[in-house]
Each structure stands twice: as structure tokens, then as C-alpha cells.
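These are the residues of each chain, in order.
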Amino acid sequence: MFHSGLQLLCGLVFGGELLHTWPKNALAWEPILAFVDIPLQLWALQIFTGLALGSVLVLLAVGLSLIFGMLAVVNFAHGAFYTVGAFAGVFVFGLTGNFWLGLVAVPLIVGTIGLAVERVLLRPLYGRGVDYPLLLTFGLSYVVVDAIRMIFGKVGLPLSAPAVLQGAVNIGIGYFPLYRLFLIGAMVLIVSGLWLFLEKTSYGLIIRAGARDPEIVRVLGIDVSRVWMVVFGIGTGAAGIAGFLSAPMQSVIPEMGIPVLVQAFVVTVVGGMGSLPGAVVAGLLVGVATSITVMIAPQLADAAMFGLMAIVLLLRPQGLFGHRGLME
Amino acid sequence: MSDIGIRVFGNQLAITIRVVARHRVAAVIATLVLLPWVVPYEALSVNILLFGLYAVGFNLVYGYTGLLSFGHAAFFGVGAYACGIAVATFDVNWLLAIALGTIVAGFVAMIMGGLAIRTRGIYFAMVTLALAQCVYYILYQWTDLTGGENGLRGVSVQAVNILGLELNLLDPMTKYYVMLVFVALALWIFSRILESPFGAVLEAIRENEKRARACGYDTLRTKWLAFVLSGMFCGLAGALYAIHLSIVPIETANYTMSGQAVMMALLGGMGTFFGPFIGAAAYLLLEDVLTLWTEHWQFFVGALFVFFVLFFPRGIWGSLLHWVQR
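Protein chains in written order, with my numbering: chain P, 3 to 330; chain A, 4 to 329.
Please keep in mind that the hints were generated in silico from the structure rather than gathered at the bench.
We put the CB at the ideal spot given by N, CA and C, even for glycine.
A couple of the hints might just be wrong.
[To be verified] Some chain A residues judged to face chain P by a derived CB distance under 7 Å, without partners named:
hint: 1; residue: Phe-93
hint: 2; residue: Val-95
hint: 3; residue: Asn-96
hint: 4; residue: Leu-98
hint: 5; residue: Leu-99
hint: 6; residue: Ala-102
hint: 7; residue: Val-130
hint: 8; residue: Gln-136
hint: 9; residue: Cys-137
hint: 10; residue: Trp-326
Input sequences plus hints: build the corresponding full structure.
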């Protein structure tokens, strides 16, 4: 069995004897002792798990970043749209029994809701200070989550992955759940599709120009407010599909969006607000950091990503890929 | 009512609002003294009192300094837990426990503020939210000390002795007025902070941070200090809340609790002295009435909040003040 080089390193640094004189019941030492005994194979598998979990975060953060980069709105209802996506998926699946149909229907449903929200609620607030859209989406998240409770009830609903995606496959380092592999693939496809749309199409060009200087774009005869609406729709649609894709891995409950919102914020802060590469790198980084902490110190798993965020804030407040001065 | 009658009533109201705004500390305290006689039951009036103080503390950073924090549940929660643990586990004197809750909350605010102040504008809301969630997880996981998911039990302070006067805290009215003493003291200090040169710098930062910095004020340090003071007010509210409930539920440090401060302050009126109490009272009364006939009260509270953001961003008291001063 492989043993990690870290074990050797710890042994060299602390000396084997010292290692055993540490009080084993003390909370602080346990993780370090466990850290030393983990085989390399488990590390690799756990990193892969982290990439799968991170994929969901990437989809969320990309939507959040896109909306911010364009509209300068921090969408506090992003977690609520994620929840809507999961429930819309359960609904579509219950209606048709087809998982694949959900992949198309969910972003359309959630995106349409997003379009309506931007048009009716957010548009009156532009030009009134950056805090107001944020506060509005925060209030909206209460309304949306309670509306879901009214419609679907409080009990968790199951959504199972299609039979093709169940089970595990050998990926060279061991057996890995097929659905998680699919999740990574789906994220790569969606994000590259979005990237191609933004970089290679003429509408993408308008979006990028609008993010840089809406005034000039308007002068050129383009209806910028419609572009903003579309961008909000795309961002919420991405949140919706993230909810749908993560639904088979958890119980679908109305409150599932709250921890996810916080995680998406951490990713955006680490990656840098308004940066797509930042969202991808930071999303995967946070996913891997969390799943590795689950393995070496489960009691710290929930707090690990905040440690990462604190380090980034101390060393590079604008985020890994962020531009200094963007927020001023 | 005739046209003239309405105008006379309007003038009377305007005069009252001006008087209340001028003698803000006295007016708030007088209102709070009368509160238990107006509100349907005593537990609700204690809640209005303590959540009002919580919203006041939050108002120092958002209403007066212009920093939108979504992490104030951390200070409320830490204040409640520190006070609760001191009383329940270590059998500390209740007065000392309240002071401890306030100080520990201030200490947490120092760390959180130190990290969050480094970011600007809209980042601030996200970073404070994330750091507060981290505090929540720590409180949740540290089961030996905090009781974890079940909350902390046995924070019983049944009777207190103030200057030889034996007071029974099991009597809700006595409890309310004992807590009012702390809240009144906090409000007086709060008002003094606002009147001080430091308070003027805070408002200068809210209006134009670059100009305040250009005038030679250390804006980073000022914001940080405001954040710490705000955390201490919220910690005091939390410590009193622990004694009020005699348990500390884990929900005191929850995301929803942070949101509650934002909602209360905005509903009442940000950057006003009286607003947060009016917001707390409105929020809690609404919750109280709505839960009688629906379990989906959050739907209506959320919708009302959205309505206020869209049409009355000054809040109830702020809109009244604006109407008087127009």
C-alpha cells in the first residue's frame, strides 16, 4: 500500500518518537496523526470528489460573477434560484420521468424567472446605489424559498440519477461514482459553452462591451437594458442547473440554497469578483480543499473554505483573478 | 375629518416627530418604558427591546458608516453563547457574564472586521456573511462547550441583587425593566458616540469615503473601530437574550439572524436613532400576527421588505422624518 510522502516528512521533522508522545485524545493533534496514515490512493480519490463538488460551485460562481460583472448586482437570491432549479428538476422528472429533459427544461424555467425578476424588480433600482439591488434580492430569497415550501411542502424530495449514470467506474486510481464524473463533464461542457458564447459570438461581444462601458454601447444603438436582462437570465439559469445537477447527491429541501449561497460567495471572493477564470479555478480549489479536510479533519470540514478565504483576503484582497480597484 | 382637521393633525404629528428626533435618547427610553403596557404580552416586549438594541448596533455600521454587513448574527450569537456558557458552565456572576458576552463579541468583531474591512463596497456584505457562517459552524461543532445543535441549556438567572435590592427575574415585568436599564445605558453611549468627532467621521465616510481620506482621516481604522463597537452592542443584546430565554438556541448565530438585523434596520429607517426599534417592533409584531394564521410568514415578511426596498428605502421612521423636514 502506498503511503504519502507527507508521513515521511512529518517523521523527519518531528521524529517518530515525538509523534507517539503526542496526546492522542487532544483535538488539535488528531487531524495531524490521521493526516499521516492516509494512503496516496485515497488522496487522489478525495481530490476527484472535491473536483465534483467544486463543479457545482463553479456553475454557481460563474452565474454570480457574470451578473456582477455586467449589472454590478450581488445576487443574494442566487441560492434561492439554485433551490428553484432542484425543485423544477423534481417537477419535470415527476411529469415526464426523463432526467435528460430536465437538463434542458430547468435552465429555461429558472432563466425565465430570472428574466422576469430583472425586468420587474431590479430595473427600477439601477442608479440608486449598489446596496439596493442586493437588499432586494435578499428579500426576494425569503419569498422564493417560502413559495417553494407552499407548493412542495417541507419534506425532502428525492431525485435519482438515471440508471446509466449509477454505479462506479474504475478511473485508474480506484472506483469513482459515475454520476460525479458526469457532473465534472457537464460543468466543463456548460462553462466552455458559456465561454464560447461570450468570446466568439456577436451577442457575447455586446455583453463584454456592455460590461466595460454601457454608455458607449447604448450610443451605438444597442438596447443595453435588454442585454442586462438576458445576462441576469443566463446567470440565474446557471444557478438553476447547478441545483438540478446536485439534486441526485442530496435531499431536495427548500433550505438547500443557504449553505450553497455562502459557498458561492466564498468562491467569488477567492477567485475575484467578475472574473470567469477566477470562478472556475476558485470553485475547484474550494471543492478540493473541503473534501481533503473531510478526510483529514472531518470536524473542521465546514470551516476549511473560510480559512482559505481568510488567507486570500490577507494576501490578495481583490481575489486571485480580480482586478484592484474594481470595487471602488 | 375636515380638511382643516387633517392639516392640524398633520402639524401636531410633525411637531411630535421633531421633538422625538431632537431628544432622541430620552424619547426612545420613554417609549421603551411604556412599551410593555402597549404590547399584547411581556415576552414580545422583551424581544422588541433586545432585537431593537441588536438592530441599533447593526445600524452603526450600515446606517451611519455605510458598510452593509451580513454577518452580525456572529456577534449576537457569540455574545449569547459567551454569557450563557459563563453562567451555565462556570457559574459566573450574571453581571460579569453580560460584560463577558459583550467583550468576547467585540473580540470576534475585531478579527472579522480586520479581514472584512480590507475589502471594499459590495465585497463587504459577502465577506461578512461568509465569516459569520464560519463562526456559526464553530459554535455548531464545538458541542462540548456550546451544546451544538441542541443549543446551550441551563442559563438560569432567576434572581438578581442590585445594590441590596432583590429582584425576581422570573417575573416578566421585572425582567423587562432590569434589561431596559442595560439597553438605556447602551443607547446613551450610542448617542454619545454619534455626537463625538468620531461619529462625525463615520458619517463623512458614509457620504464620501475618498474625501474623508483626503481630509486626513484614517478611514480604515475608523471603519474597523465602528465595526468593533457595533459588534459589542450586538453582543450585549445577545448576552441579555441568553438570560431572557435561559437557553441559547443555535439559531442565534444563524444566517437568518444576520438578515433579521438588516430587515429590521431597513424597515424602521437606516441611519436614524429611533428607526431600529420601530423596525424591530414592526417585524416582531408582524411575525406574531402572521404566525396566527399562516406558517408561511417569511413569505409575507420578505414581500414587505422587497416593497420597502422598492418604494420606501428610508423605512417607516426615516420616511416620517423626511416628510417633516421636507
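Results of checking the hints against the structure:
no.: 1; hint: Phe-93; result: 20 Å, violated
no.: 2; hint: Val-95; result: 24 Å, violated
no.: 3; hint: Asn-96; result: 29 Å, violated
no.: 4; hint: Leu-98; result: 32 Å, violated
no.: 5; hint: Leu-99; result: 28 Å, violated
no.: 6; hint: Ala-102; result: 28 Å, violated
no.: 7; hint: Val-130; result: 6 Å, holds
no.: 8; hint: Gln-136; result: 5 Å, holds
no.: 9; hint: Cys-137; result: 4 Å, holds
no.: 10; hint: Trp-326; result: 19 Å, violated
Of the numbered hints stated above, those contradicted by the structure are hints 1, 2, 3, 4, 5, 6 and 10, listed in ascending order.
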